[in-house]
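Taken in order, these protein sequences are the chains called A and B.
Numbered as in this note's numbering, the first sequence ends at 656 without a single skipped number.
Numbered as in this note's numbering, the second sequence ends at 317 without a single skipped number.
It should be emphasised that the hints constitute simulated quantities derived from the structure, not laboratory data.
Here the structure is a predicted model, which means the values were calculated and not measured.
Any given hint might turn out to be false.
[What the hints assert, rightly or not] Dumping the calculated DMTMM-like pairs for lysine to aspartate or glutamate here, alpha-carbon to alpha-carbon at most 25 Å:
(1) K279/B - E197/B
(2) K272/A - D284/B
(3) K409/A - E197/B
(4) K612/A - E431/A
(5) K272/A - D286/B
(6) K272/A - E285/B
(7) K272/A - E473/A
(8) K409/A - D360/A
[Stated by the list, open to error] Chain A regions said to be covered by chain B (calculated; three or more residues, Cβ under 8 Å):
(9) 352-361
(10) 368-375
[What the hints assert, rightly or not] FRET-style restraints, in silico, Cβ to Cβ:
(11) A311/B - V414/A: 42 to 48 Å
(12) R363/A - A311/B: 28 to 34 Å
(13) D408/A - D286/B: 43 to 49 Å
(14) P227/B - R524/A: 56 to 62 Å
(15) D235/B - S257/A: 53 to 59 Å
(16) H395/A - D284/B: 26 to 32 Å
(17) V414/A - G212/B: 20 to 26 Å
(18) S184/B - L273/A: 32 to 38 Å
Here a beta-carbon is modelled for each residue, glycine too, at the ideal position from N, C-alpha and C.
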Amino acid sequence: MRVPMLARVEGEGALEVAIRDGAISELKLRIYEPPRLFEKLLEGRSYTEVPDIVARICGICPVAYQMSAVQALERAFGVEVSDWVLDLRRAMYCGEWIQSHALHIHLLAAPDFLGADSVIALSATHGDAVRRGLRLQGLGNELIRLFGGRSVHPVGVCVGGFHRAPDPRDVAALVDKLRAAVPEAQALVEWTAGFPLPEDEQEFTCVALRHPSEYPMYSGRIGRSDGQDIGASEYEAHFAEHQVPHSTALHSTLDGAPYLVGPLARLNLNHRCLPQSVRDALERTEVAAASRNMFHSIVARAAEIYFALSEAIRILERYEPSQTPSVPATPRAGTGAGATEAPRGLLWHRYESDGEGRILRARIVPPTSQNQARIEQDLKAALEAFGLDRSDDELRRHGETVIRNYDPCISCATHFLRLQVDRR
Amino acid sequence: MKGWTRILGIGSPFGDDRVGWLAAEMVRVSAWYRSLAAAVQVESLDRPGPGLLAAMQGASHVVLVDAMRSGEPPGTIRRVDLDRVGVSSDKLVSVHGFDLADTLALGNALGLLPSRLTLFAVEAKHTLADEDLSVEVRAALPMLVRRVQASVAGSLAAETMPT
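For reference, chain B alone in the conformation it holds in the complex:
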């Protein structure tokens, strides 16, 4: 069913903060995505704040892609499976401050999160308005897209398995 799995690229037009959008776009134009389009939706969101909860509604698996600032080397990809570790805002340091961590904590408190939620966070180098994507984050993009695709493929396979 369309929309059961949703890939949401979160970002802004500022420097490495656009990594979520770029990853979403790369997924959208891939042959892999075209072969699955009936089952997967891809969207890019501009700092949605609590609107993220609405954007996740109706999906059984949501893959979020966002930039983070956690002190890791730029370009580091961190994967967090929120159904396993639970939502803990101190583990998620997004460049959007409140927005992602608090929104997920709010969604958790209200019972509005999808049953499966995967976050891919990419360490940003710079996020200022006049900056382009850093070399490190650009280099991480192909691996990021492969990992997003693998995560989605895994949940699609699990859904089609007989119970």
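Isolated chain A (complex conformation):
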């Protein structure tokens, strides 16, 4: 059977499932991702061009690419940025989490759980919720624009800091809007937690940044479910990317096994670092502190919107402009790695530079590629738990829901899925 379209997952893909004697014997998620040439394209470029080039990799999460890039390059050059810069990078990152998560929850995932074909159909029954989602998304974009000049492919970030400090009047006006949206974010957590989410407990390894005091976004070490953690520079010793014959997207493994990155992994590993207000909101839901149900990701996203809104307010309400929005960076020959939490999960970059600051080698590992192997693992378990005797159409619908739940990224992964079921 061939199913022509999976809307609401960005990119292109197809799913092949072979069923033998009532069990899945083989499952292949084919992602037709055009090979990403950004790593090669960066070679020979000046370090000053990197933040604006990598912002072009993804229209939804450009800030994440910029943040991991500047962090890696600053480490390569031994640049220490100010606390002012660190705070504002975090505030800008909050904007991206808010807009990306709001887009995914309302336009992509919610229709799956509320029995609607699309957000347009959902708008007929849940118009107020969708309008609230669009308002939150718009606020996230405003926050990105405050620092980046524009919300798509922003341009304000540079190695050493920011090109300019935002005007305090603009910051104050935005803080007022962010404060006014707090009740909306609280209500959003409750709304998503009330969805009839499938019960599907699975075992999986979570990977996310961990920080002693912060819910991770820009800073921290790379942590995992078993409590171990590593620095960004040690990433390649533990994580491996490999090609699989059926997909042009690389699969990532941690010590040889699939793992999860993204909101649920972050929440599971960093629940204690959330502000009390967000923990309270979560405690009113059925989402446990260490959830094994992947479908709780949508609630984790809502909680992260609430967190990001609160965090942006906390940082920006004490904002003072700086005369030195960036520290000078002097390039030197060396290598640096950076890891930050994109909305979809850990985003790792490594750059090797010559003495002039020209990029000799770049390596970029996006979250969607890291989740690829985990998505296949989940699909197999989720479809078997769902019941393989169901119709192809039901299986396709459930498979789509499982995949979409990971929010595979617009250019990091997929636009539609074809499902091929081979039953014998």
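Given the structure of chain A, go ahead and fit chain B onto it with the hints provided.
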């Protein structure tokens, strides 16, 4: 009032898909626009998706300019007045697939569209990354800009008429 009428050029840097941006830029540098700047805003948007709804907020008349793929000869300009025909996604075939048609359908479902919405869609010949604007689309640009200006001038005249 500034922003009541808004011209939004939608596009990407790829081939004829930049026609919306070019039209917006031509309007922006025109003497006609400078004479009206207090009443009209012009913006270029890079595949805004649902962000288009936010970009339209507060405007009473929005003129969208975008590329389309509908099988017409390249350079063909099609005008759709969405307040008259309603929003029907199968009538709008943008090169941005979901984005424009579905965004307008969503805006319609949520009551977030401006009271007057005009779309000028230009048939694209090619939209690949390394391609320049086609001769056909380039030739259509002056007429496109004149029609955008006429549409805006018409709504401005209607707004200033006594009721």
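Practice prompt. Report the numbers of all earlier hints that the structure fails to satisfy, in ascending order.
Written response: Of the numbered hints, all hold.
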